[in-house]
Every structure is written in C-alpha cells, then in structure tokens.
Amino acid sequence: MIEYPLLVLGLWGLWRLNLRRISATNKLWLTAGSALLVLSSIPPFSTWSASSLPNHMISHIILMFLAPLCLVASGEVPPLAMRVHPLVPIVVVNVTMVVFHLPSVFDASMGSAPLRMLIVEPLFFFTGVWFFSVVLAPRSQQRPIQMRWQLGGVVFTTLVMFVLAMSMSIFTKTAWYHSMASMPGMEMPGDFGSQQLAAAILW
Numbered sequence: 084m085i086e087y088p089l090l091v092l093g094l095w096g097l098w099r100l101n102l103r104r105i106s107a108t109n110k111l112w113l114t115a116g117s118a119l120l121v122l123s124s125i126p127p128f129s130t131w132s133a134s135s136l137p138n139h140m141i142s143h144i145i146l147m148f149l150a151p152l153c154l155v156a157s158g159e160v161p162p163l164a165m166r167v168h169p170l171v172p173i174v175v176v177n178v179t180m181v182v183f184h185l186p187s188v189f190d191a192s193m194g195s196a197p198l199r200m201l202i203v204e205p206l207f208f209f210t211g212v213w214f215f216s217v218v219l220a221p222r223s224q225q226r227p228i229q230m231r232w233q234l235g236g237v238v239f240t241t242l243v244m245f246v247l248a249m250s251m252s253i254f255t256k257t258a259w260y261h262s263m264a265s266m267p268g269m270e271m272p273g274d275f276g277s278q279q280l281a282a283a284i285l286w
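This note's numbering runs 83 ahead of the 1-based position in the sequence shown.
Each hint should be verified, as a subset may be incorrect.
Computed beta-carbon distance windows for the label pairs [as the list claims (entries may be wrong)]:
#1 V238 - G158: 16 to 26 Å
#2 I253 - P126: 32 to 42 Å
#3 G158 - L198: 15 to 25 Å
#4 V182 - V238: 32 to 42 Å
#5 R104 - T255: 45 to 55 Å
#6 V237 - L111: 17 to 27 Å
Worth flagging that the hints you see were computed from the coordinates, not collected in a lab. For every residue, glycine included, the Cβ atom is placed at its ideal position computed from N, Cα and C.
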C-alpha cells in the first residue's frame with residue numbers, strides 16, 4: 084500500500100534540493116527528512132508498518148518526530164509557530180498523539196485505509212512539524228520563542244510519551260487494540276505482548 088500524501092511531500096522535499104542553494108548541513112537535514120517520508124510511504128515499509136503494533140509504533144515515531152525534526156532543522160520549513168502562542172503547537176501535538184492512541188480511535192483508523200492515509204498520518208506529520216517549529220525556532224527571528232517554552236515543550240512531550248507508554252504496558256493487564264496482529268517470534272506472544280513491546284518503543 085502506498086501512502087500517497089506523505090509520498091508527495093517527501094518527493095517535493097527531494098525536488099527542492101535542486102531548486103535552492105542551501106548549506107551542506109541543511110541539505111543533509113532536508114534529504115534525511117524527505118527520504119524518511121518517501122521510505123515510510125512505499126512498500127515494503129508501509130506494508131511492514133501495518134503488520135504489527137510494534138512496527139506501527141515505529142512508523143508513528145518516524146512520522147511525528149524524526150521526519151519533522153529533520154525537515155525543520157533544514158531551515159526549509161516556514162516558521163509555522165510565529166503567529167500563535169508557543170504553547171499551542173505543544174498542546175496540539177500531544178493531544179493528537181494521545182487521542183489517536185485511544186483504543187476506539189486507533190482501531191477505527193486502522194480499519195479504514197483512507198482515514199489513516201488522508202487524515203491520521205498527515206495529521207501526525209504536520210503537528211510534528213508545528214511542534215518542532217517551536218522547539219527548533221532560531222533565536223534570530225523577530226519574535227524569538229523563549230527557551231523556557233522550547234525546553235518545556237520537550238520535557239512535557241517526553242512526560243506524555245512516558246505516561247502513555249506506562250499506561251499501555253504497566254497500568255493495564257489487557258490488550259487495548261484488536262486491529263493489529265502480534266509480531267512473529269516475540270518472547271511474549273499475543274496482543275498484550277505486542278502492546279508492551281510497542282510501549283517500549285514509544286518510551
């Protein structure tokens with residue numbers, strides 16, 4: 084299955100490499116972020132990420148954090164956080180992460196390919212970009228974002244990920260998600276074992 088919206092964004096990023104004169108470091112960041120989007124959008128990765136909950140959690144980390152971090156670090160992303168309070172992107176990315184890991188919402192999105200491809204995964208990516216526009220905002224902007232918001236955003240998001248991971252593994256004894264198969268060869272087979280491994284990846 085090809086994730087077309089993310090594939091288009093990744094190819095657009097690679098295309099921009101030939102249009103703009105940017106530093107070698109920024110070019111590496113842009114290449115890495117765009118390549119992550121392209122690779123996550125096409126088989127075998129897109130098929131692999133839907134084969135088990137741990138695999139799917141890896142794709143979430145790539146879409147919400149790794150690819151956005153690289154693209155924002157490249158300096159080729161507009162300053163999306165300039166027109167709003169820095170707290171807004173921080174809250175939005177964490178609310179998005181928590182809501183789409185609620186069992187009913189997660190199972191609904193996994194049961195509908197159009198919902199997942201057109202809404203969930205692009206939303207993960209764009210909220211991640213918005214978040215890193217705060218965290219990595221350069222100090223030279225006309226409205227510099229205070230360091231306390233940048234550090235606070237990282238600490239708060241890390242705490243939310245920790246609580247979510249603990250909720251999926253330690254604070255429950257049952258599997259939350261019934262739409263994902265277990266990873267073959269796991270030491271703890273079954274839906275709950277798969278969920279515990281996914282929680283470890285998230286943390």
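Comparing the hints with the structure gives:
1. Our hint of 16 to 26 Å for V238 and G158 holds, since their Cβ atoms are close to 25 Å apart.
2. Distance hint for I253 and P126: a CB-CB separation of about 35 Å, consistent with the stated range 32 to 42 Å.
3. The hinted window of 15 to 25 Å between G158 and L198 is violated, with their beta carbons roughly 33 Å apart.
4. Our hint of 32 to 42 Å for V182 and V238 is violated, since their Cβ atoms are close to 21 Å apart.
5. Against the hinted window of 45 to 55 Å, the Cβ-Cβ separation of R104 and T255 comes to about 52 Å, which satisfies the hint.
6. Taken as a hint, the range 17 to 27 Å holds for the pair V237 and L111, whose Cβ atoms sit roughly 22 Å apart.
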